[in-house]
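Enquirer: Read off the chains here:
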Amino acid sequence: GNSVTQMEGPVTLSEEAFLTINCTYTATGYPSLFWYVQYPGEGLQLLLKATKADDKGSNKGFEATYRKETTSFHLEKGSVQVSDSAVYFCALSDDTSGTYKYIFGTGTRLKVLA
Amino acid sequence: DTAVSQTPKYLVTQMGNDKSIKCEQNLGHDTMYWYKQDSKKFLKIMFSYNNKELIINETVPNRFSPKSPDKAHLNLHINSLELGDSAVYFCASSQGMVSGANVLTFGAGSRLTVL
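Those sequence lines, one after another, are chains A and B.
If you read the first sequence in the working numbering, its first letter stands for residue 2, the second for the next number, and so on.
If you read the second sequence in the working numbering, its first letter stands for residue 2, the second for the next number, and so on.
Since the hints were made in silico from the structure, they are not lab data.
Some hints could be false.
[What the hints assert, rightly or not] Which residues of chain A face chain B? A partial, calculated answer using Cβ under 7 Å: (1) E43; (2) G44; (3) L45; (4) T107.
Ideal Cβ placement from N, Cα and C applies to all residues, glycine included.
Here chain A stands alone, though its shape is the one from the complex:
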C-alpha cells in the first residue's frame, strides 16, 4: 500500500541555519504531495504542495521538489527562524483510489534556537 516515511526528529538548529527534512514515499499511482506544519497547540496547516513530477512547491521560504525518480519530496529552507519551530508533516493524497485519502508521515519536530 501507499506510505510516507520522513526523518525522525527532533531536529535542533540555530537561527539562520539551513534546514532539510527528508521525506520519501511509496505509491501505486501518481499522488499529490504535501507538507503541513503544526505549531504548538494548533491544527495542521498547509505549507506547500506539488501535484506532479518535477513540480516545486514553495511558501514562506520553504521549498520542496516532487522527485518521481527518487520518490522523494524533501523540505528545505535556507535560513530558519525561531518562529519556524513546529512539527512538520509530509503527506500524500492517493488520487487513484477515488477517495483521495491522505497518508501522513510521522511528523518531524523542528526546534530553532536563537
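Please build the complex by placing chain B on the supplied structure of chain A, with the hints as guidance.
Expert: Chain B in isolation, oriented as in the chain A frame:
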C-alpha cells in the same frame, strides 16, 4: 470567523462515559474528516464524509460513530470511553474529491483525556 471550528477544545472525562465532539466548517467544502493524533503526534484518519455520505471508514472501534447532519457539520460521538481513547481529535475539511486540489483545512483540535 474560524474556518473549521470544533468544540469542546478540552474534554476530561471518566472511563465508561459517552461524549461528543462537534465540528463545523464555513468554507463551503464538500468533504469533512476526523483524524486522531496520539501523544507521539502520529496522525490517523478515522472517517471521511463527502456531501453527508460516508466514504472513508477506517478500522475504528464501533464505539466511535460519526454523524453528518449537513455538509457543513460532522460530529463525533464516542461511547464507553476507554483510556486509550485519550488523544487530540482533529476535524478537517476539503473542497472535495478533486485531484491535486484536495487540500485539508484543519480545526484547532479537541484534546480528550480519559481518566
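Enquirer: For each hint, tell me whether it holds in the structure or not.
Expert: Status of the hints after comparison with the structure:
1. E43: With a minimum Cβ separation of about 6 Å from chain B (threshold 7 Å), the hint on A/E43 holds.
2. G44: A/G44 check passes; min Cβ-Cβ to chain B is 3 Å, inside 7 Å.
3. L45: This interface hint holds because 5 Å falls under the 7 Å limit.
4. T107: Interface hint status for A/T107: holds (6 Å vs cutoff 7 Å).
This entry satisfies every hint, going by the numbered hints stated previously.
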